[in-house]
Each structure stands twice: as structure tokens, then as C-alpha cells.
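Given next are the chains, with one letter for each unit.
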Amino acid sequence: MPPSSQANRLFNTGILAAFATLAFVGTTIIRIPIPASGGYFNLGDTFVMAAALLYGPWIGGLVGLIGPALADAIGFPQFILATAVVKGVEGAAVGLIGWTSRGAAAGRVAVALAAGILILVAGYYVFEALIYPLMARRIPFFGVTDPTAALAEILPNIFQGVFSAAIAFGIWRVLGKKKND
Amino acid sequence: MKWRRRVALLILAVAPAFSGYPLAVVPGEILPGLTQGWAAYFAAVHLLLVLTTPGRLYGNILAASALITLPVVFGGAALSGLLHLAGLAHPGGPQSYSPHYLALLTRMLTVIPLALALVAGIPFQRIEQQVLSGPNGISRAEKNLLMALRVFNHIVHDVIPATLEVVREEWPRSPDAGRSRPTATGLIRMMTWLAIAGICGAVQYIPLWAVEIARLPERRPGRLRRRAGPNT
Chain G
43 MPPSSQANRL FNTGILAAFA TLAFVGTTII RIPIPASGGY FNLGDTFVMA AALLYGPWIG
103 GLVGLIGPAL ADAIGFPQFI LATAVVKGVE GAAVGLIGWT SRGAAAGRVA VALAAGILIL
163 VAGYYVFEAL IYPLMARRIP FFGVTDPTAA LAEILPNIFQ GVFSAAIAFG IWRVLGKKKN
223 D
Chain W
5 MKWRRRVALL ILAVAPAFSG YPLAVVPGEI LPGLTQGWAA YFAAVHLLLV LTTPGRLYGN
65 ILAASALITL PVVFGGAALS GLLHLAGLAH PGGPQSYSPH YLALLTRMLT VIPLALALVA
125 GIPFQRIEQQ VLSGPNGISR AEKNLLMALR VFNHIVHDVI PATLEVVREE WPRSPDAGRS
185 RPTATGLIRM MTWLAIAGIC GAVQYIPLWA VEIARLPERR PGRLRRRAGP NT
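Going down the list, the sequences are from chains G and W. Each position in the first sequence, counted from 1, maps to that position plus 42 in this note's numbering. Each position in the second sequence, counted from 1, maps to that position plus 4 in this note's numbering.
So that you can see chain G by itself, here it is in the shape it has in the complex (with noise of 0.2 Å):
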């Protein structure tokens, strides 16, 4: 293989293990419990949410994937699955709507971060309402979670991704114009 494309490889697998980095310590580090349903308010779907608009779904996807999941492990390892799951699709969507090689416009740009947005509060709530009460019933690790305790976690959900947006789109502003410059 042409030195060339293996350097682009691992020029990519850098860029996966930055944005879970980051992600990972945006997630642990800033962290606001959410009494209702132990679950927890941070800012990890910033890197997610920026890696997907910067480099595209899959590089979106995988930080989604890995970053904030591994900061789960850390204190909260019932979240793991729905984190891993919900964020990695979260990142695959975004990147996929809000990403071009030429560089998206602003509003395709918004359009994206909403659907990030939409995911992320809905993906959270399946899990907690229905997901997770299933699996309960064999698995009693998983049973942290009720309907009641879902639908309280919708407004904060929804704060924590528009806030993890704002600062994603500012992200994009600058960064995103310097890269296609």
C-alpha cells in the first residue's frame, strides 16, 4: 500500500482517538445529576456532535460509539449500552446530513445538529422507558429506569442538546472554514 494512503489511514484513526478522548473527558468531567432517573447532564455530545461535522459520519459515528461510553464505565455502567448506542447513531446522523468533502452551508449545518438533537433525546427516552424495564426482568443491572423517570429526563435531555449543539455549530464556524480553506 502507497505510503501516501496508509499515512491517510492513520491520519483518520488519530482523528477517532482525539474526538474519544475529548468526548470521553467532556462527558466525566462536567457532569450534573439528574435526580429523577440517575442519569446524568454533560457535555460529551459536543465532540460528537463536531467530530461528526468536521470528518463525516463514520469518524462521528465511532467517537459516539466509544468516547462517551467509556466514560459510563466510569461510575454509571448501566448506561453503557444505551450511551454507546444512542451517541453513535447520533453521530452517524449528523455527520451524514451536516458533512460534504466541499463543506456544508450553515442551515444544512443546523439541520443536522437538530436531528443530533432529536435522536439524542429519543434514543435516551426508548431506552429508559421500554428498553431497559425489559431487560430488567432477566437482568436486574439493568433496572435503573422506569417511564416516570424517562419522561422527566426529556427537558434536560433536550437542554444538554442544544447547548452541546450551540457550541458544536461555533466549533464548525471556525474550525470547519479553516479546514476547507
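Any given hint could turn out to be false.
As the list claims (entries may be wrong) - For each label pair, taking beta carbons as the anchor points, the in silico distance ranges come out as:
1) G:Ile72 <-> W:Ala145: 28 to 36 Å
2) G:Ser46 <-> W:Ala82: 21 to 29 Å
3) G:Leu172 <-> W:Met194: 50 to 58 Å
4) G:Arg144 <-> W:Gly96: 55 to 63 Å
5) G:Arg51 <-> W:Pro165: 28 to 36 Å
6) W:Val215 <-> G:Ile72: 18 to 26 Å
7) G:Arg51 <-> W:Val123: 25 to 33 Å
8) W:Gly59 <-> G:Ser143: 48 to 56 Å
Simulated from the structure, these hints should not be mistaken for laboratory data. Beta carbons are placed, not taken as given, at the ideal position from N, Cα and C, and that holds for glycine.
Starting from the known structure of chain G, arrange chain W on it as the hints suggest.
Chain W alone, transformed into the frame defined by chain G:
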């Protein structure tokens, strides 16, 4: 103790936290929210850490765990208290939500030190040196591992400390600073620039490392490593 053995032991110790067994099976509560299973697990984990990690590292791990845990637990309890006072939740008062936070405190002070000891116990730089010193070149998988290790080390040891230093210097706690109350827009702007600084610091060397690592001699498939011996 060899690092591989220590890491394997720590990974085994994490298993009850993830599976819930046998913690959920052991009956009885010492306090509301603190079961006998979790109390015993907490003690066992910290005994294991005392036996397997150097004293100074254990102290640092405890400090970092407390820094992560206490704001979460006390912040959450304060939020619950405010919701109760506002009549929005927890009609039963502190007795209704205290067990949840005691359980959270126990869980976090058990799992977080374990996770930190696990990460601290992996000698990333030694692994990097071992990968680089292979006599017959390195495989593509090892090249990707090398890149991930370098980036992780760079962020944890260089980018985060430097960013924290900048934050400490740029936002002093002087009463004469004359700073007005931050608005939501101002907060978003501040967090955006902090995130951009972190991203730039994290990715700045990646293009250089990608070219450097790509140029390392690659091990061809089927080529065996030769061990040093009397006739080689």
C-alpha cells in the same frame, strides 16, 4: 506485581459492578441505600487497590475520585432538595431521595478508583516502545495502536494540563476583577473557545505522526519474529 497481572486482577474486580452479581443477590441494608453487598465490595476494592498500587498513586486516585464524585452527589442532592422545596418532586422529603444518593456515592467511590487504577496501571509509553522495537517491523494493527496511544498520551499529559493552566490564568478569582455575571451566550462562547483550544491541541501533531508512523518498516505476513539465541 507485573503490570499485565495487575490489570487482569483489576478487570476481574470490575465485573461485579457491571453484572450486578453477587452484589444484588446479597440481602440486607446497613443504611437506606447502602446494601451489605455494596459495602463489602467497596471495602474489597479499596483493599485490592492498597495492595496493588503504590501509596502515592493510591492517594492521587482517591483525590481524583473525590473531585469527580462529590460535586455530582452533593450537586444532585442539592437539586433534589430544591425540587422538594419547590413542590415539584420528592413529596416524601429528604428521606425519599437520600438513599439514591448514598447508593450513588458508594458506587462512584468504588468504580471510579478502580477505573483510574486500571488506566494508571497500563504503561502506555512502555507499550509504545515495545511496539517500536520489534526486530522485524510492525504490523498495520500495531501502527494504528501506536497512533491511538500517542494521541491519548498527548491529550492526557499535555493538552489537558495546558488547557487547565490557561483556564486558571484567564479566569482569576480576584474580587476586583470587575466581571459581570456570565450570560448564556457568554457561557456558550467561552465553552466554544475552550473546546476549540482542546481540539487544536489534540490534533496538532496528528498529520506529522501519521507520516512518521506510516514510514516505519512494516512486518510482512508470514514473517516470524526471531528470538535472540546462541546462533543468531
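Against the structure, the hints come out as follows:
no. : hint                              : result
1   : G:Ile72 <-> W:Ala145: 28 to 36 Å  : holds, 34 Å
2   : G:Ser46 <-> W:Ala82: 21 to 29 Å   : violated, 55 Å
3   : G:Leu172 <-> W:Met194: 50 to 58 Å : violated, 38 Å
4   : G:Arg144 <-> W:Gly96: 55 to 63 Å  : holds, 58 Å
5   : G:Arg51 <-> W:Pro165: 28 to 36 Å  : holds, 30 Å
6   : W:Val215 <-> G:Ile72: 18 to 26 Å  : violated, 35 Å
7   : G:Arg51 <-> W:Val123: 25 to 33 Å  : holds, 26 Å
8   : W:Gly59 <-> G:Ser143: 48 to 56 Å  : holds, 53 Å
The earlier numbered hints that this structure contradicts are 2, 3, 6.
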